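A.B. asks: Residue-level listing of the chains:
There are 2 protein chains.
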Amino acid sequence: MNTYNYCAAPQDVDMTKRATLLSICKSVLNTAGVDAYSNGFGVDVLNKDHRTWVLSRFAIELVSQPGQYQDYSVDTWVSDYGRVMTIRNFSLKCAGEGFGNATSQWAMIDEQERTIVDLSKCYEKYGFLKDDIQPPIAAPKRLSSIPAGISVLHKVSYSDIDFNSHMNALRYLEKMFDLLPLEWLTKATNIRLDVHYMKETFLGEEISIKCSEQENVAFFEVLKSDGVAAVRASFKKI
Amino acid sequence: MNTYNYCAAPQDVDMTKRATLLSICKSVLNTAGVDAYSNGFGVDVLNKDHRTWVLSRFAIELVSQPGQYQDYSVDTWVSDYGRVMTIRNFSLKCAGEGFGNATSQWAMIDEQERTIVDLSKCYEKYGFLKDDIQPPIAAPKRLSSIPAGISVLHKVSYSDIDFNSHMNALRYLEKMFDLLPLEWLTKATNIRLDVHYMKETFLGEEISIKCSEQENVAFFEVLKSDGVAAVRASFKKI
Chain A
1 MNTYNYCAAP QDVDMTKRAT LLSICKSVLN TAGVDAYSNG FGVDVLNKDH RTWVLSRFAI
61 ELVSQPGQYQ DYSVDTWVSD YGRVMTIRNF SLKCAGEGFG NATSQWAMID EQERTIVDLS
121 KCYEKYGFLK DDIQPPIAAP KRLSSIPAGI SVLHKVSYSD IDFNSHMNAL RYLEKMFDLL
181 PLEWLTKATN IRLDVHYMKE TFLGEEISIK CSEQENVAFF EVLKSDGVAA VRASFKKI
Chain B
1001 MNTYNYCAAP QDVDMTKRAT LLSICKSVLN TAGVDAYSNG FGVDVLNKDH RTWVLSRFAI
1061 ELVSQPGQYQ DYSVDTWVSD YGRVMTIRNF SLKCAGEGFG NATSQWAMID EQERTIVDLS
1121 KCYEKYGFLK DDIQPPIAAP KRLSSIPAGI SVLHKVSYSD IDFNSHMNAL RYLEKMFDLL
1181 PLEWLTKATN IRLDVHYMKE TFLGEEISIK CSEQENVAFF EVLKSDGVAA VRASFKKI
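Chains A and B supply the protein sequences, listed in that same order. Take 1 as the starting number for the first sequence in the working numbering and just add one per residue. Take 1001 as the starting number for the second sequence in the working numbering and just add one per residue.
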């Protein structure tokens, strides 16, 4: 297990002066990248073999969010490597208190073929490391197609794209959160987010982002222009 | 003069594996915040007086952009305090070589009244510091209303808003850059960006972002729903 330190800087907080859910997800996903990098199996090494890590599923639970200028830490460890997925976990602390946990599933893809690489065949090649510590929260949920709700169209733009040439994982979350009533983001203290990244979307693609709200849960679905689901998510106020 | 260190992490680069202009602007503006904070006149101190810093004008020139995982540094210093504006400068270095410079003008506003605070009256209160080093590049240019070009509408959303409750300075740039031909962002090596923030825009506001391209310069204008200019910018391939 390794620990990485962050600070809820002014650009990470909203008008409530509390670190946004998005900025915390960003720290968590950044931690995944930096930890893989510093252990010798980051995208820098994989890129040499025309491979990269792709986030498949992600879940995070928070009971509070750090205030502006508060330092917080993210512990991270890999608990398992399957043939297709590796499971990376996170535990978040602020001022000595745990305020959240997360777990994620990553696949390795061949950048040219866009196919999944068998992780069991490259365990030694990349020197994968793991800890015998279970994930701190339940695995990311299965999510189905959502009922009718609000829907917005978005053309995938340069600023949405990352080094993998596809729309960035955090960008989908940003577009989804923008469809929520403001108080879900500014007032909720006890939340769980589940995300399932299913298909990539690319520059110039016209996608639709749908949101359906039911009591204390909002369900999201991002559809590609041909109607195929690219991302599904649920945001629950516990 | 103080120096702050950054790394062009995977989330800061585009498909060319080069740090995006936006990520460099983000480091520069972050440096401004952190340096003000560590010198005792950051937004944390100003907030106690219901005041905050607001970016008014900004210019940056780059001759290259760091590659993925390259470390780079930002030197910053304040060269002047006027009654209305303070001038903060930046010099960027990567692997021992300068790759860019920037200069910015900031006003202090009263958060409740939304009026400008006379900086000459709070020089001692906040312990302002300055260096006798001139700005490294020409001051941000005056920019006029732009001729007809392409135009997109955007509703200001939660993810656009910062701790000041208005649309974030970097978000305007993001929206503007998304209107440029891709090769301006992925291939240009020698650029200058000038930005003039004129009016704030707020959550739920419908704004239009206009872009007019002329040979090696693109001009941008963001208009509020009543047609008043909120931001103007020019992006020049030198």
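No lab work stands behind these hints, which were simulated from the structure alone. Computed from a prediction, not measured in an experiment: that's the story for all the values here. Where hints are given, some of them may not hold.
Between beta-carbon pairs, the in silico distance windows are [as the list claims (entries may be wrong)]:
1. B/Gly-1098 / A/Asn-47: 22 to 32 Å
2. B/Asp-1071 / A/Thr-115: 30 to 40 Å
3. A/Tyr-123 / B/Lys-1237: 44 to 54 Å
4. A/Asp-71 / B/Asp-1071: 38 to 48 Å
5. B/Ser-1151 / A/Val-152: 43 to 53 Å
6. B/Ser-1151 / A/Tyr-123: 51 to 61 Å
Note that beta-carbon positions come from the ideal geometry of N, C-alpha and C, so glycine has one too.
A.B. asks: Hint by hint, note whether the structure agrees.
C.D. replies: Status of each hint after checking the structure:
Remark: the range hint 22 to 32 Å for B/Gly-1098 to A/Asn-47 is upheld by a beta-carbon distance near 28 Å. Here the CB-CB span from B/Asp-1071 to A/Thr-115 is close to 34 Å, well matched to the stated 30 to 40 Å. The supplied range of 44 to 54 Å is met by A/Tyr-123 and B/Lys-1237, whose beta-carbon atoms lie about 47 Å from each other. Distance hint check: the CB atoms of A/Asp-71 and B/Asp-1071 are about 22 Å apart, inconsistent with the given range 38 to 48 Å.
Between B/Ser-1151 and A/Val-152 the C-beta distance comes to about 19 Å, which lies outside the given range of 43 to 53 Å. Between B/Ser-1151 and A/Tyr-123 the beta carbons are some 53 Å apart, a value that agrees with the proposed interval 51 to 61 Å.
Comparing the model with each earlier hint shows violations of hints 4 and 5; every other hint is respected.
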